[in-house]
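Enquirer: Given chain D, put chain G in place with the hints provided.
In order, the protein sequences belong to chains D and G. Note that my numbering numbers the first sequence so that position 129 is 129, with each residue one more than the last. Note that my numbering numbers the second sequence so that position 26 is 26, with each residue one more than the last.
Possibly wrong hints are sitting among the right ones.
Put simply, identical chains are the same to the list, so a pair is met inside one copy or across any two.
[Said to hold, decoys possible] Lysine-lysine pairs mimicking DSS-like chemistry, simulated, CA-CA at most 25 Å apart:
1) 320 <-> 130
2) 235 <-> 88
3) 98 <-> 232
4) 319 <-> 236
5) 232 <-> 88
6) 236 <-> 88
7) 259 <-> 4
8) 47 <-> 232
9) 236 <-> 259
10) 236 <-> 320
11) 98 <-> 130
12) 47 <-> 236
13) 232 <-> 4
14) 259 <-> 130
15) 319 <-> 98
16) 259 <-> 319
Read the hints as simulated data drawn from the structure, not as lab findings.
2 protein chains.
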Amino acid sequence: MDDKLFLMIPGPTPVPERVLLAMARSPIGHRSSEFAQIMEEVCERLKWLHQTRGDVLILACSGTGAIEAAIVNACSPGDRVLVGANGKFGERWVDMAKAFGLQVEVIAAPYGQPLPTEPFRAALEADTNKAIRAVIITHNETSTGVTNDLETIASHIRAHGEALAIVDAVTSLGATTVPVDAWGLDFVGSGSQKAYMIPPGLAFLAVSERGWQACERSTMPRYYFDLRQYRKALKKFNTPFTTPVNLVFGLQASLQMLKNEGLDNLFARHARLRDTTRAAVRAMGLELFNPDDQSASAAITAVIPPPGIEVARLRSALKKNFDIIVADGQGEMSGQIFRLGHLGFVSDRDVLTATAALEGALRSLGYDRFTPGSGVAAALSALSG
Amino acid sequence: MDDKLFLMIPGPTPVPERVLLAMARSPIGHRSSEFAQIMEEVCERLKWLHQTRGDVLILACSGTGAIEAAIVNACSPGDRVLVGANGKFGERWVDMAKAFGLQVEVIAAPYGQPLPTEPFRAALEADTNKAIRAVIITHNETSTGVTNDLETIASHIRAHGEALAIVDAVTSLGATTVPVDAWGLDFVGSGSQKAYMIPPGLAFLAVSERGWQACERSTMPRYYFDLRQYRKALKKFNTPFTTPVNLVFGLQASLQMLKNEGLDNLFARHARLRDTTRAAVRAMGLELFNPDDQSASAAITAVIPPPGIEVARLRSALKKNFDIIVADGQGEMSGQIFRLGHLGFVSDRDVLTATAALEGALRSLGYDRFTPGSGVAAALSALSG
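Just chain D, same shape as in the assembly (with noise of 0.2 Å):
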């Protein structure tokens, strides 16, 4: 049925009536005092989602811009930083801070599990000398469906002293706390398209006051991404250069959604997505793929298929019969499970329709080890639970 498809991969995410309708007025000068007022409102309520008394910068670019503005502002050329890696994401800094002629230590774990803390507890207590410039860290791994500790790890890092702590909260912002003074880190990026609620387009990044120390030092070739332009606009509530205007209107209209919600209960909803969905890929027999309920990502959850269901077939059917969009695995990962993404503008109704889906899907498929209806069953269990 045309216009029908919902939206349950990690990004983009659905986008409420009232945001995209935000965003079809005329667009308005980005110098402007009307736009100006705009963006203080913004930009407060962005502090509020990310629970700091710092500055959240907007950027215009993905995640991925954000995770370059941090560190190119944060390092030097020839610095040393840790960077945990457990699946496409974290592999993606690793390679971006090689790029940019980082000496870089990973610290691993096998995709579909968290990353040790105990690692970067020992790097950050050897490094006497306080060579370590920064830690680069995925919160939330997109890519399996882990949401890393990034509290402990964080803890390790402030105990260190002069290390920076870089995250990468692009599906965790908004979906999971991440008080970014009470922890103490230092930059923070997010993108639009995750627990924003807004088309992607914009991405956010936080940045403590060590943060700008640092920024101040780097002597990395910048200039788009050169925070100190970002800062100078911001007392002006402004951008160094022209920012989508259009997406800040839908911006404008998503953060009021989320301040009625509240903070409390938009990660308690985010929560109980996850412990839902989980509740019910278990009841119908499937396994996850981070079989680990502490480190379970509330903004995603991982499926590996039932033996002999293709991945492909199985999206093809939610696709086909459904109207449902889940998301393959990223890389080598593809076809060895399915995401489902349950985070931003999505509701209980929404994981038990695809709950609901998912069954008839797999029965489609010939996959039977499951009595009809006990994903259902399970799902409004947790619910209520």
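Expert: Same frame as chain D, now just chain G:
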């Protein structure tokens, strides 16, 4: 009156209703076959607009990001470049090239005047060692309303044989002819919020075959703007990082409109808007900041206010009385000139309206050195000529 403002600034420019509505759709996955189909269509039309058989990339950034992408892929640290500077944007590329460690030789002209072409010829001819890696030219200097003689400078670059032509076509692409292949241009950057008639958030970069070879050779550290990744993704009508899909929906609608109008009509319309604006301004006894018709921009007209009339008060009168926004001068030109944008979704009616409103605003501020109606009469005469 609420929601009645009409933008006559150099960007963002007015956006057609059908483009706004195209953007107000639920996003689709940027890795979906449905999106690849849209990308295939828009990439074909972008080639048409650029008059090229080469690649035109879509980047998620502002126009400044597109020029940075060109520079960091064309050049390596220490490379020698010539940069034309006769306004704020030319100066920005000088700063940017220096930020990336290039040896910059500036060829300048006073604000309001076109770049001389002879020094480019001389510098390139003298470079028998072929040490000049690239020449960076702002085609249309948005800050002053001057169009530089890109055709002639490009011919000197071609005669050199090695130097790459990097062009800021941010406010010229779509407003005036930029025949990328015929002029042998290697990197041509532009932005969505100009003649493309869509809101800010997308940038475009045409890359020649020679440009691609340079990307392979460049040793500049880069990641988000590493064009090799974009080229690879483009083969599947995709982008390496999440693209602003809703802006691409808008792009699809706007390119259909531009295609319907046709290149000749598009350029003739902008030339007519320029000539009409200039005739009207002159008839009111005002001074054009760029008095030379030959190099007058088809996108924007900069005007020196009459003695005793402050730019701020004139802009305020236009806004308050007639809901028209015109731009101030940039940087140190603030208060010295005002700038009328007439690019993108702008018709004869709009410049006629602006002329009448300008007459009224000038009168209301006490400027009476013109016969009432003479601006409009000159505009109508220019339009019918």
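Enquirer: For each hint, tell me whether it holds in the structure or not.
Expert: These are the hints, each one checked on the structure:
In the homo-oligomer, the alpha carbons of residue 320 and residue 130 never lie at most 25 Å apart, since the shortest distance is 56 Å inside one protomer and 59 Å across protomers. For the homomeric pair residue 235 and residue 88, the shortest alpha-carbon distance between copies (21 Å) is at most 25 Å, but the shortest distance inside one copy (36 Å) is not. Taking identical chains as interchangeable, the C-alpha atoms of residue 98 and residue 232 lie at most 25 Å apart only when they sit on different chains, with a minimum of 20 Å there against 29 Å within one chain. In this homomeric assembly, residue 319 and residue 236 come within 25 Å of each other (Cα to Cα) only across copies, at 21 Å, whereas the closest approach inside a single copy is 46 Å.
With identical chains, the CA atoms of residue 232 and residue 88 are at most 25 Å apart between copies only, with a shortest distance of 18 Å across copies and 34 Å within one. Taking identical chains as interchangeable, the C-alpha atoms of residue 236 and residue 88 lie at most 25 Å apart only when they sit on different chains, with a minimum of 20 Å there against 37 Å within one chain. For a Cα distance limit of 25 Å, the shortest separation of residue 259 from residue 4 qualifies neither inside one copy, at 28 Å, nor across copies, at 29 Å. Within a single copy, residue 47 and residue 232 get their C-alpha atoms as close as 17 Å, which meets the 25 Å cut-off; across copies the closest is 37 Å, which misses it.
Within a single copy, residue 236 and residue 259 get their C-alpha atoms as close as 24 Å, which meets the 25 Å cut-off; across copies the closest is 39 Å, which misses it. Within a single copy, residue 236 and residue 320 get their C-alpha atoms only as close as 49 Å, which misses the 25 Å cut-off; across copies the closest is 23 Å, which meets it. With identical chains, the CA atoms of residue 98 and residue 130 are at most 25 Å apart within one copy only, with a shortest distance of 20 Å there and 31 Å across copies. Taking the shortest Cα distances, residue 47 and residue 236 sit within 25 Å of each other inside one copy (16 Å), while across copies they are farther apart (38 Å).
With identical chains, the CA atoms of residue 232 and residue 4 are never at most 25 Å apart, being 44 Å at best within one copy and 31 Å at best between copies. In this assembly of identical chains, residue 259 and residue 130 lie within 25 Å of each other by CA distance neither inside one copy nor across copies; the values are 40 Å within and 59 Å between. Taking the shortest alpha-carbon separations for residue 319 and residue 98, neither the intra-copy value of 39 Å nor the inter-copy value of 51 Å comes in at or below 25 Å. Taking the shortest alpha-carbon separations for residue 259 and residue 319, neither the intra-copy value of 33 Å nor the inter-copy value of 33 Å comes in at or below 25 Å.
Violated hints for the displayed structure, listed by number in ascending order: 1, 7, 13, 14, 15, 16.
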